[in-house]
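Colleague: What follows is the residue order along each chain.
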Amino acid sequence: MYAKRSTLTPTLIAIVGFLTVCPVAMLVIGSFSTNLGTLGGFTLEKYIQAYSDPELLDIIVNTLIFVVGSSFLATALALFLSYLNNRTDIPFKFMFRVISIIPMMIPHILFSVSWVLLLNPSNGIINLFLRQVLGMEGALNVYSLHGMILVEALLDLPIAYLIIAPAMASFDVALEESSRVCGGSSLRTLFRITLPVLRPAIMAAFILALVRSLASFAVPSVIGMPGRIYVLSTHIYRAVSTGFSADYGKAAALGMIVLASSITLIYLYRFMTREGEKYVTISSRGYRPTVIRLKGARYPLFAVVGLLSFILIVLPVLVLFYTSMVPYSMVPSAKAFSMMSWRHWIAVINDPISLLSLKNSVLLGVGGATLGIFLSIFVAYVIVKVRTKASGLLESLSFLSFSFPGIVIGVGFMWFFVQTPLYATIWALLIGYIATYLPYGVRPLASAFVQVHSHLEESSLVCGASRVQTMRRIVIPLLVPGIVSGWILMATMFVRELTLSVVLSRPGTEVLAVQILRFSEDGLWGRLSALGIIMIFISTGLVVLASWVGAIFKPIQEE
Amino acid sequence: MEIQIENLCKRYTSGGNTINALDEVNLTIPANQIFTLLGPSGCGKTTLLRCIVGLESPDSGEIRIGGETVWSGKDNIYVPPEKRGLGMVFQSYAIWPHMTVFENVAYPLQTRKTDRNVIREKVAKTLAFVQLEGFEDRPATKLSGGQQQRVALARALVAEPKVILFDEPLSNLDAKLREETRKDLRVFLTELGITAVYVTHDRIEALALSDSIAIMDKGRIIEKGTPKDIYFRSEHHFVADFIGRTNLIDAVVTAQEPSATIVDCALGSLRCAPLPRTNPGDKVVLSLRPEFLRFSDSDKDGPTNRISGRIDSLVFIGEALEGEVLVNDTSLFVKVPPDSELKEGDPISITVSPANCLLLTK
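Listed in order, the protein sequences are those of chains A and B.
If you count the first sequence from 1, position 460 lands on 460 in the numbering used here, and the numbers rise without skipping.
If you count the second sequence from 1, position 50 lands on 609 in the numbering used here, and the numbers rise without skipping.
In isolation and in its complexed conformation, chain B is listed as follows (with noise of 0.2 Å):
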């Protein structure tokens, strides 16, 4: 089911200082796709979730959920929560510590009157579905987290609603199981073909789990696409640089090529990816991403950008060695393979693909 938001504002007073948490969002979230909204802590992420979800009211603008007018600032229209009939995984998981795992799955239907035998079925399916068969009279505070958060995951499902919304659902599980449970998620979400919303702070995470994602800071929306899109083709600055480390360099348009926008930088005359609507002498960033920089020229087929410099220093990290590279005063953020015999002050040349350096707008 598609949600529609339009110009949704929020704001907060704290100390005397307006904060916009929410600026004039528009955005549409399409239905049965797992979308993510991704930024920096304090950006408006999870209160636009709260929005969405009824625990909180916008300022003004107007949320539809499936064609479904569920809250408007100008018709003074607000749907309350338990009536939206979606689902949602909060980052505590909120499992009610008095109940059991059964009792925390069937609340959802019995608020809505389910016929018992109705009930015991739909549980014992969503708790199956979740892979917690056999956990029905368990205390649901004695499970472990990833299995916590399953129950939590069965409760926001077991009554089909049209959207899911998680709030950062995976923060308080340790770094192997997060992994885990990223992937098992992606496998439920697809296999239901549910519309979910998802929030988090974490790139790997929005990288790994979703079908679009939407960048936010300071209550905007800045970017929005599949991973791929924004992670090789962002157009700003600042989603660049959140979405993986890369190198920012700031570049002047020289000359427009049809396959090839050239810049000159400090570090030289590069061919870029085309960046469209710029004449020379404007002022552009270059991104270069440090997975893209290549250190032998085994590669030769088509054109490259060829630089030279001097290694400035050189950590190893395990999975690889990462480092800076000075090319005329420029420090270049880079990553050679862990077994690279590569040492500190060792002269060094660097390729990289015209297609791999992105230039982004000002």
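Extracted from the complex, chain A is given alone in its bound form (with noise of 0.2 Å):
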């Protein structure tokens, strides 16, 4: 009877640790090679040549300052978010729903593009509109510090969000109400019992951003490199990219600074998340918490949120098609709106290289994620259903990836295809892909088998139905909804991936968002803008068509 689950759990333990372990290993050994991309003697030349570097301390800081930095902001404005929805009577609840999901949908690329569109010094259309219009002296430019910390804070809001809600949501009131009848103030209480007891979930959301942003490579791509202000993973972008020779081994010593951070931040997550289900007090009777009366900031809060929606979903989307309309920066006006064309779109349609990329992201996204749920299904089943000493390690090796910052990974698993055919295929980033996303297809399959209570199985089987039976008939079909969210977020975030394509990407096997950073740098804005669309289209379409498959596979809606 247990025979089978004794080789599936080695199996995918071999499997998961290849994914997770190559390329890891694979940088440290490529971190002490002497050759240039492929393995050579032993040396500590590259961590000297990367570390002595006089430029890497300016580096660093602005590194702390921007992760840092975004990371504050989004929590707090999660945290902002999540008290209004849940706590008070403010009108339009549907909106935070809509701020949590809908972003995910829009690529960072194209995003941090869109700011780069209205807010640079020269010709960022809110820039023109202040000089032509209002005529003032000066610009704001989105190519600073600032600029960087506010995008990429708009990026990590809904993650931050989606983790601080819940939280938020299970809050047992009872807990306020008893310091308010002994005596302390709303302030009081929110200081010392609110905040204090949801202080789990808010560290959470803070270590994760602090993860995302120390990974994140589209905001100081497009808003820190032209205005020359680089941090680590831009650092090592130029190592492999820029020059004569690309020297993945530097990149390699400078990558491991930014994987152990990344490890260690994580690890200290799952600790919090860990000592947070000791904390968080869920009452299971059915309370409604009291809704805080916010009588006349009902709608200057409102407006608050719905300014955040059109920030982060209605502006970015209106910028790029605009652009792509157009034939260059200006101002809306009737000029403006006399000049529009499809031009761009069809210089697109006629690019063959943009063509290939959006057939390479398109398969890339459907398989890549249909291979990736697959194996997350088994994943998942062994973590949660196994539980022995073999699955935890399985759980751990999942969970590791979850840190891999893209760009990092990216070289490890160079140095790893090199030594192999893969190299310059589209496997290779398809295996790149899954080893790096592995976690969002896990997590929300393994919070599907937790609600598939093992007496459901069990009455199957004293039913007389046989293992296979019971996976086919009782556990997939209540596994539809994790399997159909796991396939979204996998085909969503491929189809939009540019971390790890950027370092594994090669004349043939190009993607959406490399082509659109390529755009970014040559300053097509127009072409860049229709093919960015186009990209959001391919996104929504899987979303939907997603979706679809899911409500048919599942015959009785719940509740």
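Everything labelled a hint here was simulated from the structure, so no lab data went into it.
Do not take every clue at face value.
[Claimed, not checked] Quick list of the computed label-pair ranges, beta carbon to beta carbon:
no., chain 1, residue 1, chain 2, residue 2, range
1, B, Asp674, A, Thr7, 36 to 46 Å
2, A, Thr7, B, Thr572, 21 to 31 Å
3, A, Arg192, B, Asn731, 33 to 43 Å
4, B, Asn731, A, Leu363, 46 to 56 Å
Keep in mind the model is a prediction, meaning the values are calculated, not measured.
Note that CB positions come from ideal geometry on N, CA and C, so glycine has one too.
From the two separate chains plus the hints, produce the assembled complex.
Modeller: Structure, rendered in structure tokens:
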């Protein structure tokens, strides 16, 4: 009876172990290797070269300011939004779901580009407006640390919200009420009771934002690099992409510190969320938290929320679409509208490399997500249902890649793929994607498996069904929602993948985000915007398709 | 169908400690009876049930259902649960949320590759039996707790299993519904004449429902018998205490008579129900259930024991007054009719018939 399981766990450990340990191991080996790109003798040269660079100190300071600043801002905004949603009578609460879900369909690179289009000092639309229409001197410059922090914070806001909001929703209001009864003012209650009780969730959101902004490449490359503000991820990118020969050894040596900090943070996150389980007070008795009446502040506060969702969702798409239609940057006006044409769109459609990147990204999105979810089903099953020491190891392994900064792990994979015939093929990207994004498939499936109470399986066995029948008729149908959301998450991430692809992509294996980065480096904003809009359409199309397929396989909708 | 369990052992290790979930369990569950495994939580009753149904494997021993060995440590036999042909009602009901009532109940028949028309017929018959006609197309999770419970029962019964097993099936219902369902369940099972094994920690449920009860503690079967045997004639300290509220008082045998055993205890010298195989001087335990302690002199037929004391405390709980009577510094738990005029501090005379003074071996 347990024979199948006992071979399943080691097989999965081998697969996941290969996917996660191999790039790290290759990164370490590569960083001590003399040759460029291929393995050679042992040397410490690369470390000396990388860490004696006088510029490095500035880069590390920039990185710290950027990472901590954006994470702090994102967490504070998320806390503010989840408080408004869960605890007050703010109108139109559906907006909060929109804010937490929709931005995921807008790729980070496009979001960053849209801010460049709005706020770059020479011809950003807002700056043009300030100068030409209002006659103001000077300009708002997005190419600054402030600009980077603002844009990155907006990008990390949804994930921070998704962590804090459920904790806020399950918060036992009796804790606050007893503080009020004991004579605490509402402000005192907020700082002495509410925030401390929510601390694990808040810290978890903050740490996750740190990890993501540390790995962020879209913002530093699109906004930071033109302003000559380098952070570690762009510094590594510089080592492999510029100059006469790419120095993967130096990149690996630099990557070690990013990877080490990232892994440390992720384990801290894991520790925090585990501690959190002791803390979180979930009352099962279907209570309704008392709603705080905002009274006069209701609509002004809603205006803030409305503005945020406008900035997060509508503005980027609007700016991109507008830019794709006008011949050059100009303030929206009658003249601008009269000059609109489809020429950038036609140029993109006739560009063979853009078309190839489109094809590759769709292929990687659909194929990669399908394979990734297939693997995730088994991994999540073993983690949740088997629960042995070996499955604990599997859990740790599959969790590890959560901490992988794409660009660093890309360098690690580069060292590996160079030794194999997979180098410069689409398979290299596929394997890299699945390795880096595996937790995004495993997590929704693990929580789906948790919901499938073991009694549901056991009663099927007692009813005379075999294990296979039980899997097919009971377990899989109950997993469909988890499979669908995991697939959507993976597919949209693969379609817009930038950081790993920027290292692994080669002529012939271009993908959308990399092509968009090239357009941005060349200043071809019109074409970039056209391709970007197509990219958003593809992401949205995949989400719709997956939801539709999910609905077919789920005959009875539960509420 | 009879279930025989021989020398069943199962151990868990957690945090370096070994826990004997089942410790040399020997048990014969007679055919066509409602048999209850009763015990405090952690006594091993659910483990035993899960071993019978095949969801867990013991470490050693043997299980036979209707003469067929389904698990044997020494012969290395393991029949998986899907091949045992049993029915089971889970504590959480385990109603599959993605299926309708019909689909849930039809499932065991579908796994046995039954003809479609037969399935429809049998499901309809079983649903009628549990009084759920007309609920076929409802999503199963939309039913109330009591209805879900009956769906679970219908699903366990539909394939006409040899044995049906229940794992605390009433514990998720509220008190009133629990009482009704308990009554219905007894009617259903008696009508079917099926072997039923029932696990619970609720003594009233066990007494009301069962033909026989086995009491478990720390992985062992302590005592076995009909509900009345267990209640009135339990042999063990632990059983007498677990099955109902009682006063347990240390006593010493002073004389053996043909119709009674005389003991000496803190309450004085008492005539008790005979406890054979004891001699004067043996130490025993006297069990006095509060419902047998009377407070009037009216009942004069036959010899009675008379105990005098003073009421120490008295609490009104609606259906009775509960309190403690001090007899020579020994406290007795008593129940007084709710309309009684007794007050705290009053002297009181208690009578109890020798037949209701139960002696237990120590």
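Colleague: So which of those numbered hints doesn't the model satisfy?
Modeller: none
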